[in-house]
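Q: Make the full structure from the sequences, and use the hints.
2 protein chains.
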Amino acid sequence: MINEKYKAMLSARSVIRELAEYAAARGEEIGYENVFDFSLGNPSVPVAEDYTKAVIDLHRNSDPVALHGYSPSLGNTEVRGIVADSLKRRFGLPYETKHIFMTSGAAGALAHALRAVTVPGDEVLVFAPFFSEYVPYINDTGAVLHMVGADEEHFQINWDALEREMNEKVMAVLINSPNNPSGVVYSEETLQRLSDFLRERQQEYGHDIFLISDEPYREIVFDGREVPYPSRYYDNTLSCYSFSKSLSLPGERIGYVAVQPKATDADIFAIMFGQISRGIGHNCPSSSVQQAVARVINETSDLSVYEENRNLLYDCLTGLGLSVEKPGGTFYIFPKAPGGDAVAFCNKAKDYDLILVPSDNFGVKGFFRMAYCLDTEKVKRSLPVLERFIRENDF
Amino acid sequence: MINEKYKAMLSARSVIRELAEYAAARGEEIGYENVFDFSLGNPSVPVAEDYTKAVIDLHRNSDPVALHGYSPSLGNTEVRGIVADSLKRRFGLPYETKHIFMTSGAAGALAHALRAVTVPGDEVLVFAPFFSEYVPYINDTGAVLHMVGADEEHFQINWDALEREMNEKVMAVLINSPNNPSGVVYSEETLQRLSDFLRERQQEYGHDIFLISDEPYREIVFDGREVPYPSRYYDNTLSCYSFSKSLSLPGERIGYVAVQPKATDADIFAIMFGQISRGIGHNCPSSSVQQAVARVINETSDLSVYEENRNLLYDCLTGLGLSVEKPGGTFYIFPKAPGGDAVAFCNKAKDYDLILVPSDNFGVKGFFRMAYCLDTEKVKRSLPVLERFIRENDF
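Taken in sequence, the protein lines are chains X and U. Just so you know, we're using our numbering here: the first sequence kicks off at 1 and counts up by one. Just so you know, we're using our numbering here: the second sequence kicks off at 396 and counts up by one.
It is possible that part of the hints are untrue.
[Claimed, not checked] Once the Cα atoms are required to be at most 16 Å apart in a straight line, the calculated EDC-like pairs of lysine to aspartate or glutamate come out as:
no., chain 1, residue 1, chain 2, residue 2
1, X, Lys53, U, Asp480
2, U, Lys743, U, Asp789
3, X, Lys5, U, Asp517
Simulated from the structure, these hints should not be mistaken for laboratory data.
A: Pasting the structure below:
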């Protein structure tokens, strides 16, 4: 018989997807250039040219039976080695091939990491605001998502809320820095304090607590800074990466889990991930895509447009008197909704063809998210519209 | 903490993979050309040239942001339409876009199909001999695999065994024709009788029973025949396809589920699959691979080598007095092991550098599998070795 659980999920549509569909429909009506669609986090810059060259070269000059043959179940061994070397060089941790497991993007990485460190009934902590897809990612493992309320001032960590939610059943803590939706980067201080806290609790509870670090925005940082790398602060870290944003390849579904070399059972995690894959039908990302990204492992798309867009929007929003934490990375900004009711605010914005996402979707009330992965020209044209929207309404 | 379930699985290594590794190691020792490795079902012919052209053209001439952008969660809409049209033309069933869901190969297709029609505790019937990966595919959903004993004469269906195993808790029946490991194609008569049986039991139990049809070998058939298409015989059929074998693209992880248009809830299955994907971290096969296969939807690699190899091996084995059902397709043959102990027989074969897989791995005793996706030249060189092996030993 049909599984009623999945049937029931059909009515719970994604708010973001509904807004994007509204924007597309409205675009057909009045011309897409007149709709300021800040709903979707879809990269707007092209893939690095060297990636395209790599794909063409691989298809033109490799043995097709080898290029398209089954990858080993943990990923192409050479590719895993290239990823390990690159992480080692960059972050100074002794990664080896055995610590890397290739996945279908960050979604695949999280699916494996969560299953490896929890059993049904265990708890996983997430920090508001958080990417709403974490809910199905965690629920489907049988583990239970517990939300730690937001630090609404700076979107670092609300330590009181963390104290309240932490308990012996927590086996994993899921972080995302740079953060979707806030755009905030966790500071060294935040990571240090979180690591100290988790080490203490591991000691107290007598079991491992894994830090699952979702890092698809690792490469999109502003003001010339580097993102503090969570695996450097806490040994039991599983770093979940995707090339979706850094190389503008979201549709190619390519990423990895990098297991901190000092984590408990670091040497067998990747093999366990392989076993998990057999059950969830995942079985490796595309063999040719793996090989192509390995050839451009140290490159990114030209990501400078996102910083330019951030500057334009941040200056405009603060100039209009909105309260907003300055994003340190990503292509999101997360201002406080004037009037406090984010849903009403975003609904009203539709009258101006401004498509904004209310924060309720991310586990916190009273904010809205703008995804500025758009042409800068369009962001510039949106500024007077934003100004008109704010000035003409009494929130 | 580490999930002990997956940790425990580490010791249960795949027999086939171990044999393949043994063959590779032995190849390093004595030269790979001297090892007759019949262990792995990895296509040995190159992808169709038009596929390579399509990939190069797409990467050279499409907008990269569109080419590599997120696919809709059910798969690229245009690609789904092309698949539906192709199936409709070929099999005369009124497939539409809404009936097609793009997956990461047949493994992904089965993962979604099984979850959609079972809840934990339900039973799924499989027919021996069967592909051993069905065990983790089914176990991980929480459903229970029940094996129907083999028809050891012709590897169609053992109807008495089916009667014995069928009961009210069975929600899905999994078939695989052409079959791995036997190479046998289910006849029209078999499919008709199975369908009649399932319809009766649906009536009796008052619930749907879904036929999950695993069809990666649909295109590899011999003697100019067509494989009877299960969805034509039974409405509640989910057809699980992969391009791995037909186009020699196993590493690209590309396939689909096609929902029979008259199945219960046919219109919402694909949307349910999308919800299932969110939980298992699957989220679509590669966007560019989807588009490339759509351009060659009616092509296959040159598959004639497999028929030539089948003929050579079948003639040799029967000539040596072995009992073997003639394969109607795939690139497998499944003879009876002389002496009856397949494990001992395959172990002994290693002395001749013949790598054969004992049938115990496939849920039946006393047979062995040979995967003949090899150069015909190598198959020819293996024949005198096979002969020597059989003649020199007293089984």
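Q: Would you mind marking each hint as holding or not holding in the structure?
A: Against the structure, the hints:
1. X/Lys53 with U/Asp480: violated, 33 Å
2. U/Lys743 with U/Asp789: Status holds; Cα separation ~11 Å.
3. X/Lys5 with U/Asp517: The given pair, whose Cα atoms are some 14 Å apart, holds under the 16 Å limit.
The earlier numbered hint that this structure contradicts is number 1, and it is the only one.
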